[in-house]
Structures are given as structure tokens and as C-alpha cells.
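> Below are the chains, spelled out letter by letter.
Number of protein chains: 2
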Amino acid sequence: MDTFTAIRERRSVKHYDPEHKMTDAEIRQLLEAALLSPTSFNMQNWRFLVVTDPEERAALRAASWDQAQVTDASITLILCAKLKAHEEGERYWTNAPQAAQQMVVPMLKGYYDGRADLQRDEALRSIGIASQTIMLGAKAMGYDSCPMVGFDFNKVAEIIKLPEDYMIGMMITVGKALKPANPRGGQLPYEEVVLKDTF
Amino acid sequence: MDTFTAIRERRSVKHYDPEHKMTDAEIRQLLEAALLSPTSFNMQNWRFLVVTDPEERAALRAASWDQAQVTDASITLILCAKLKAHEEGERYWTNAPQAAQQMVVPMLKGYYDGRADLQRDEALRSIGIASQTIMLGAKAMGYDSCPMVGFDFNKVAEIIKLPEDYMIGMMITVGKALKPANPRGGQLPYEEVVLKDTF
Numbered sequence: 679m680d681t682f683t684a685i686r687e688r689r690s691v692k693h694y695d696p697e698h699k700m701t702d703a704e705i706r707q708l709l710e711a712a713l714l715s716p717t718s719f720n721m722q723n724w725r726f727l728v729v730t731d732p733e734e735r736a737a738l739r740a741a742s743w744d745q746a747q748v749t750d751a752s753i754t755l756i757l758c759a760k761l762k763a764h765e766e767g768e769r770y771w772t773n774a775p776q777a778a779q780q781m782v783v784p785m786l787k788g789y790y791d792g793r794a795d796l797q798r799d800e801a802l803r804s805i806g807i808a809s810q811t812i813m814l815g816a817k818a819m820g821y822d823s824c825p826m827v828g829f830d831f832n833k834v835a836e837i838i839k840l841p842e843d844y845m846i847g848m849m850i851t852v853g854k855a856l857k858p859a860n861p862r863g864g865q866l867p868y869e870e871v872v873l874k875d876t877f
Numbered sequence: 679m680d681t682f683t684a685i686r687e688r689r690s691v692k693h694y695d696p697e698h699k700m701t702d703a704e705i706r707q708l709l710e711a712a713l714l715s716p717t718s719f720n721m722q723n724w725r726f727l728v729v730t731d732p733e734e735r736a737a738l739r740a741a742s743w744d745q746a747q748v749t750d751a752s753i754t755l756i757l758c759a760k761l762k763a764h765e766e767g768e769r770y771w772t773n774a775p776q777a778a779q780q781m782v783v784p785m786l787k788g789y790y791d792g793r794a795d796l797q798r799d800e801a802l803r804s805i806g807i808a809s810q811t812i813m814l815g816a817k818a819m820g821y822d823s824c825p826m827v828g829f830d831f832n833k834v835a836e837i838i839k840l841p842e843d844y845m846i847g848m849m850i851t852v853g854k855a856l857k858p859a860n861p862r863g864g865q866l867p868y869e870e871v872v873l874k875d876t877f
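For the record, the sequence lines run as chains A and B. Start counting the first sequence at 679; every next residue gets the next number (my numbering). Start counting the second sequence at 679; every next residue gets the next number (my numbering).
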């Protein structure tokens, strides 16, 4: 599917065919695409949980104010981040020339070390970017998606056994739409959102 | 361009043809696509500054540790967010039925009001999502891009006259590549990044 078509036709869909299953190959195609999303200093600070276990999904739905898409979609993804990913800079630059590695690895560490605020900002930026890769990729594969923050983050952290120094960024459901999304709610005018040079 | 091709071929490019100009129609096509990116409660909390003014771009480059792409790319985008966007919920749901509006508008306000932390999280999530729309859209149009956080946020805020209660999320340069990106630095194994059900 053409990129701009995917951008236009991606909508947040809440009604899915509960009988439809994505194949392992489809899930892998989608997540391999997500792994090509850019991250600051290539630190790949995201971690993607693919939840298919029915009991776990029922628990996630209960923690999401009973939103049906959490169990009815084919998969529920939890997008998490490793907050201390910057500490392992060597791993993200093994293919770079030595001189480049010696420059970039200390820069990465220096930028984020001891800065919980920047680590969190970067987690959300990385997750945001990757989430759109997933949503557009899903659309191009004939699926629909729903990005979600409407859940109890602490409860979900318990369910997925979130380790210390990790955080949850968002949830995305992916599956076969049973019903299209409603028309867009109300778009702000282009001129209000896109500005020239300065505010 | 096929969506998965755009995902695969999008790389962070730093060397641009400084003579190339994007047309106004191309810039508008790209930013109109960005405006179709999803946001929590449809609150469209992003604002996109398209910087083409040469003097301003020189100042931005100085505030970005002299990174050449800031002036050499065809445009420099500053992705900002309006932190209090949740206060204007009515505007984002004008096309929805009255009953839906009466439910969602107070929910939006209730979720973010007085919560500077959630407002900031949502700003970065929204900006991350839209940034990937822009980077993939640019690729599909035959352009390349470079997402950036390596700049002095306070200095850039001054240059762009950032109002109170707004924040800067990132910068993206878009233009005609002169030189392809280096090979990917070192990808983490799929099995480390994609997990099944729980950590």
C-alpha cells in the first residue's frame, strides 16, 4: 500500500473480529518494521510486548476500563522502554568505524546519564515514532489499529511484570476491523497547526 | 512508494543538497499528512514550525552544535506542543454526535488537567507519532530526513519565540540527500526487543 494512502486511511479502530488471528509471520513482519524506527543515538530503547495469551488480555482489558478492543483485536501490543538503554552504547554502534564509536558512545552516555527526565522524554519520543511505524505498517497489511493510553499504567505494569527502570509508553491493538472508525472528530485548520518560521 | 519500502529505506541523513528547494505544494503535502497522525482524545496538541528563513536557520544551526543539515536541508521543522491543548476539547469533537461530545470532552479535560507530567508525556507521544508520519512521507516523496534532539532547547525556544505553555519536542530536517546514510550502527536482536506476553 502506498505510504500516503496508509497515512490517510489509518484510523483508530475499536471494533475487531474476535475470531481473526494474525499469523506468526505477519506479527514478525510488523515488529521487524518497528525495529527499523529511528531512536536517539540509535539506542533502540523500546521493548515491544506482543500479548496473545487470552487470560492476560482479559486482565489487560479489565485494567483498560473494559475497552473491548483489548481482547477482540488479534494482538495487543504494549510499548515499553528501557530507561537505562544509554548505558550500553557500545552495542548500538558495533558496525561503525572505531573512531566514530569512540566519539558517539561517550556522547550518548553523557547526554542521558543521571537525567531521569531526559530518559523519560526519550522513551516517549522513541515509542511514539515506533508506534506510527506499527500503525502504518498494520494498515498496509490490511489491518487496523488503536493506540491507547486509557488504562491503569500501574496495573498493566503488574500484569506484564515490568522490571525496574523500564516504563510503559502506550498500548496498541491490531486486528481485522469489523466496523470502520467514526468520521474524524474535528480537525484544526492547517494554518493554526503549521506555522512559518516562528510563533 | 510502498509503506514497507518507506519504512526500510528511511534513514537519518545528514548530507543534503543546499541548493535544492522544496515547493510550497510539497511542504503542504507533507504537513497535511502529519495532521492526520493520531493524538490522544484527538487533541492535536502538536504545532509544526516550518523554518525556511536563512538567517533563522543559521541561528538554529549555531544552537545545534553547528550540525550542517540544519541549514543544508531544504526545510528545518521544529515540532512543538501546546501543553494545555486539553482545555479546548470542544474544538476536537465538533463532528461527533452531541452525546459523544458530552462524554469525551470532560474526560479529556479530567485526564490532563493540572497534570503537567501527563501533559508533557502526551506532547512527546504525539510529536513522536507525527514525526514518523513526516519522515516516512518525506521518504515516499523522494526526500530524506534527520530527526534531531542534539540542540540547545532553551536557545531554540528563544529563536522561535516559543510561547509559555508550549514545549519543543524535536527537530527534523527534510531535503535532497547528497550522500546516503552510513550502514545501520548495530541492531539489537529481534528476540531481545520483541517479547511474548510478559517480561
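Please note: incorrect hints may appear among the correct ones.
Copies of the same chain look alike in the list, so a pair counts if it fits in one copy or across any two.
[Unchecked claim] Taking lysine to aspartate or glutamate and the DMTMM-like style, the derived pairs with C-alpha atoms no more than 25 Å apart in a straight line are: (1) K854 <-> E765; (2) K762 <-> D830; (3) K833 <-> D795; (4) K874 <-> D791; (5) K854 <-> E836; (6) K762 <-> E733; (7) K787 <-> D680; (8) K762 <-> D744; (9) K854 <-> D795; (10) K833 <-> D843; (11) K839 <-> D795; (12) K874 <-> E687; (13) K762 <-> D795; (14) K762 <-> D731; (15) K762 <-> E710; (16) K854 <-> E687; (17) K839 <-> D680; (18) K839 <-> E697; (19) K699 <-> E765; (20) K854 <-> D680; (21) K833 <-> D680; (22) K787 <-> D830; (23) K839 <-> E710; (24) K857 <-> D695.
Rather than coming from a laboratory, the hints here were simulated on the basis of the structure.
> Confirm or reject each hint.
Structure-based check of all given hints:
no. : hint          : in the structure
1   : K854 <-> E765 : neither (39 Å within a copy, 34 Å between copies)
2   : K762 <-> D830 : both (23 Å within a copy, 22 Å between copies)
3   : K833 <-> D795 : both (23 Å within a copy, 19 Å between copies)
4   : K874 <-> D791 : neither (35 Å within a copy, 29 Å between copies)
5   : K854 <-> E836 : neither (28 Å within a copy, 47 Å between copies)
6   : K762 <-> E733 : neither (31 Å within a copy, 38 Å between copies)
7   : K787 <-> D680 : neither (38 Å within a copy, 36 Å between copies)
8   : K762 <-> D744 : neither (33 Å within a copy, 28 Å between copies)
9   : K854 <-> D795 : neither (38 Å within a copy, 34 Å between copies)
10  : K833 <-> D843 : within (16 Å within a copy, 31 Å between copies)
11  : K839 <-> D795 : both (23 Å within a copy, 23 Å between copies)
12  : K874 <-> E687 : neither (27 Å within a copy, 29 Å between copies)
13  : K762 <-> D795 : both (12 Å within a copy, 20 Å between copies)
14  : K762 <-> D731 : neither (28 Å within a copy, 38 Å between copies)
15  : K762 <-> E710 : within (22 Å within a copy, 36 Å between copies)
16  : K854 <-> E687 : within (14 Å within a copy, 27 Å between copies)
17  : K839 <-> D680 : neither (38 Å within a copy, 37 Å between copies)
18  : K839 <-> E697 : neither (27 Å within a copy, 52 Å between copies)
19  : K699 <-> E765 : neither (38 Å within a copy, 40 Å between copies)
20  : K854 <-> D680 : both (19 Å within a copy, 21 Å between copies)
21  : K833 <-> D680 : neither (38 Å within a copy, 39 Å between copies)
22  : K787 <-> D830 : between (32 Å within a copy, 17 Å between copies)
23  : K839 <-> E710 : within (23 Å within a copy, 40 Å between copies)
24  : K857 <-> D695 : within (9 Å within a copy, 46 Å between copies)
Comparing the model with each earlier hint shows violations of hints 1, 4, 5, 6, 7, 8, 9, 12, 14, 17, 18, 19, 21; every other hint is respected.
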